[in-house]
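Model the placement of chain B on the given structure of chain Y, informed by the hints.
As you go down the protein sequences, you meet chains Y and B in turn. Letter by letter, the first sequence follows residues 2 to 655 of my numbering. Letter by letter, the second sequence follows residues 8 to 107 of my numbering.
Quick caveat, the hints were computed from the structure, so don't treat them as lab data. Be careful, since some hints might not be right.
Quick list of the computed label-pair ranges, beta carbon to beta carbon [said to hold, decoys possible]:
1. Y:A612 x B:E79: 35 to 45 angstroms
2. Y:A612 x B:K33: 32 to 42 angstroms
3. B:E79 x Y:G640: 15 to 25 angstroms
4. Y:L654 x B:A77: 24 to 34 angstroms
5. Y:L648 x B:E79: 25 to 35 angstroms
6. B:Q66 x Y:S642: 25 to 35 angstroms
7. B:N34 x Y:A612: 37 to 47 angstroms
8. B:N34 x Y:Y602: 54 to 64 angstroms
9. B:E79 x Y:N627: 19 to 29 angstroms
10. B:N34 x Y:I611: 41 to 51 angstroms
11. B:V37 x Y:I644: 24 to 34 angstroms
12. B:V37 x Y:Y602: 51 to 61 angstroms
A virtual CB, placed ideally from N, CA and C, is assigned to each residue, including glycine.
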Amino acid sequence: MDILEYAWLIPVLPLLAFVFIGLFGKKLNDLNGYIAVGGVGAGMVLALWTAYELLTTGRVYSTSQTWVVLSSKYTLEMGVYLDNVAAMMLIVVSFISFLVVIYSTAYMYDQGPRRHRYFTEICLFVGVMLGLVLANNFFQMFVFWELVGVCSYLLIGFWYERPSAARAAKKAFLVTRVGDVMFMIGLFILFTELGTLNYEQVWHALDTADPTMMAFAAFFLFGGAIGKSAQFPLHDWLPDAMEGPTTVSALIHAATMVNAGVYLVARSFPIIATSAEVSLFVGAIGGITAFIAATMALCAPKIKGVLAYSTVSQLGYMILGLGAGAFLWHNGHYAAASIAFGAGLFHLMNHAFFKGQLFLGAGAVIHYVHTEDLAQMGGLGKYMKVSMITMLISCISIAGIPPLSGFWSKDEVLAVTFEAGDVGLTFMVLWILGVLTAFMTAFYMFRMWFMVFKGQHNEGTKHATEHGHHKHEAPIAMLLPLVILAALAFGSGFSLFIGDGFFGAVYYEHAHVLSIGERLTEVFTSPLTYISIVAAVSGIMLAYFSFYKTNISAEKVVSKGFPKAMHQLLLDRYKFPVAYDKIGYVGVYGFSLLLDKFDRYVIDGIVNGIAAFLTKSGGVVRKLQNGYVQSYATLLLIGVSVIVILLYVVGVLR
Amino acid sequence: MIPLEFVLIISSVLFVIGAAGVILKKNAIVILMSIEIMLNAAIINLVAFSSYFGDATGQGFALFAIGIAAAEVTIALAILLNLNKLRKTVDVDDISLLRW
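So that you can see chain B by itself, here it is in the shape it has in the complex:
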């Protein structure tokens, strides 16, 4: 059986990669993908702990999280499509109207 630490390290690495993508990338779609990576890092954690403690609750949560993530991505993509239609861009630096 794979030790818990290995899985946690993987999920941490994935989380950091996702976070770096969110902060550094300019393309909104890439950022969305990075968020998905971060989400999956968290889901891996859930599954890992579920297996470690021998408790199925974590796996149930993981399934729920995947389902909700799918719904969330649809909404996000719909927003991005609209954005592209209106502003002809998906670059987050170009959409900064909501400010002081």
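If we strip away everything but chain Y, and leave its shape as in the complex, we get:
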């Protein structure tokens, strides 16, 4: 039996759970969670098996069926495309989904009958996200892309009675829509230029395609990724999306859905690589996003806010890696490009694990103190040992301290960016931004960690420990995922050393295979590695001195002058929400008003004008019916005479 032939079942199993819970869930109460765990778990088993088969054999498997025939030249298909990239995504998505669903059974327990809706939506999400990964063409990807968008909308707005949640859901939906429209334009360009959207056929058709059109297609496809992966300037929906339940933030807005944009960039990598400008653009957007989001994370007041900005920033790293790869590829450095491509996806995988862990840990903390405000926490380490230690592992990992997973991928991303800097100077700037981001990442993660687990007890902690009815840690269903993910946050980086190494496994063409010894020598003899380690360590030290030892008072630093203005600007998120509202209000609403005027005065004007003309002319003509028989007779006579005369003139009567 070839397991790959059954790969299409992977999304179907969670979707079955979705249908079942959706239809019968109201009466099932506690059983909802178990069905969701079962459906997602079954999908995970199949996904892991498939991924194992793919990664060990290095096969590329694809099937395809005609779906919609638009004309003899343009056909839409549905199918499955499995390669190592898809395998990696399958592992990440299915495994984290499974853990999050287990976690949810405990975390959402107090939601009562609403769990029914929650588990329905989460099963739908897992199903369509896996479907997105399996797609064999851009159109199918787009369909699932929209579906995960819908799930994101529904789950952000889970507590829809809160105005802020409803607003955040709307914002997420509308802002990503901007990207989706660009994605669609990209699809149109590809489809009309190449006549196919199948990944393999597109990649093969690139050599003969018009490079200008391909550059446009790549640009617009990347626009879709900007929206979904919350890249600058469409990043602002992700921090707001934290209004949803923490499990949703962990699953959708940290570990899986936001990675769909990166996955799209990976799938359109050959298209992007056809153009130096677009590659540069991709890298620049990634670098700028990483930097800007990291600055905003520095002073975010809420625990989930820090993690949200951090997610945006890390997604920026992934995009930066892929952009650098595309740029290197365009300039003929195929081996370096393959490393960059692998590095971006490697960071995707590692990030999914440690950020999923951090969000779930934050969930446990919020579950305990019932507040998201960092200033109200403090000293929780005494009561939440497991959460503290697992989150510490993830923090060290994301900060990039060897040998934890975050170090390997982040270092690799920075190294390839530096390498691309030799070819294009812009990447050198981006590399500097990347190193600064690494410093800030270490700082804000440890700021969060110290503020939550160390220091004095603030109101939230006091309230929870004195009046709270649970003085113990979260239940086992929540701790188990934390521990497993922390283990992965620690160790997923070592996949670099299994077999051909991550880069060899993910990037099959031009694979750059190094042995363990060679890899280690290469990493630890490069000065760049030490620069990023120094950046990380100094970030941690700064956080240690300002938020644990309190030698440096953060309040004093931002109390006056430029730092204060900067602090306010960061709290205002660089005025991005205001700008969105302005664009929405002035641009979209203004345009709508214009259209309203057009509709009212031009369209309605034409219709009403015709009506008025007919009424008026009718009013004139009806005067002819005056009731005088003789005038009718006269008109009749004149009319018949005219007809006869005309017929004579024309010649019918002659």
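Showing chain B alone in chain Y's frame:
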């Protein structure tokens, strides 16, 4: 034998006189008489062509037309009598209710 043109001219003259009567006269009875003149002009035409082509069909039609005209006049006169009874007038300018 009288040439066809003469008869046609007579019938045309009669038709125009009738039409002028219909349009210009105000008395409904006179108008009715004018209509009869127009009808007779047409009947003369029928007979004339019948004789010209040596075909009896036209004369048959003429007889029918005269018969129908008699019936039509009875109805018209009945209407006029009723009109006179109700409105005390046979002037067509006074009966213009059926209008916009």
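**Prompt:** Could one say that the CB atoms of E79 (chain B) and N627 (chain Y) fall in the range 19 to 29 angstroms?
**Reply:** holds (25 angstroms)
**Message:** Assuming the hint says 24 to 34 angstroms, is it satisfied by the Cβ distance from L654 (chain Y) to A77 (chain B) or not?
**Reply:** Given range 24 to 34 angstroms: holds, Cβ gap about 32 angstroms.
**Request:** Can you let me know if the beta-carbon spacing of V37 (chain B) and Y602 (chain Y) is within 51 to 61 angstroms?
**Result:** Holds, since V37 (chain B) and Y602 (chain Y) (Cβ atoms, about 59 angstroms apart) stay within the stated range.
**Request:** Mind checking the hinted window 25 to 35 angstroms against the Cβ distance between L648 (chain Y) and E79 (chain B)?
**Result:** holds (28 angstroms)
**Request:** Starting from the hint 25 to 35 angstroms, judge whether the C-beta atoms of Q66 (chain B) and S642 (chain Y) obey it.
**Result:** holds (29 angstroms)
**Item:** Hint check for G640 (chain Y) and E79 (chain B) - Cβ pair distance inside 15 to 25 angstroms
**Value:** With Cβ atoms ~23 angstroms apart, the hint holds.
**Message:** Quick check on a hinted range of 41 to 51 angstroms for N34 (chain B) and I611 (chain Y), using CB atoms only.
**Reply:** At roughly 46 angstroms between Cβ atoms, I611 (chain Y) and N34 (chain B) fall inside 41 to 51 angstroms, so the hint holds.
**Distance restraint evaluation - N34 (chain B), A612 (chain Y), Cβ atoms, bounds 37 to 47 angstroms** = Holds: the Cβ-Cβ distance is about 45 angstroms, inside 37 to 47 angstroms.
**Asked** Falls inside 32 to 42 angstroms, the C-beta gap from A612 (chain Y) to K33 (chain B)?
**Response** The hinted range 32 to 42 angstroms holds for A612 (chain Y) and K33 (chain B), with Cβ atoms some 41 angstroms apart.
**Message:** Verify the CB-CB distance for V37 (chain B) and I644 (chain Y) against the hinted window 24 to 34 angstroms.
**Reply:** Since V37 (chain B) and I644 (chain Y) have Cβ atoms about 28 angstroms apart, the given range 24 to 34 angstroms holds.
**Asked** Okay, A612 (chain Y) versus E79 (chain B) on CB: inside 35 to 45 angstroms?
**Response** holds (44 angstroms)
**Request:** State, for the Cβ atoms of N34 (chain B) and Y602 (chain Y), whether the hinted interval 54 to 64 angstroms holds or is violated.
**Result:** holds (58 angstroms)
Checked against the numbered hints given earlier, the structure satisfies every one of them.
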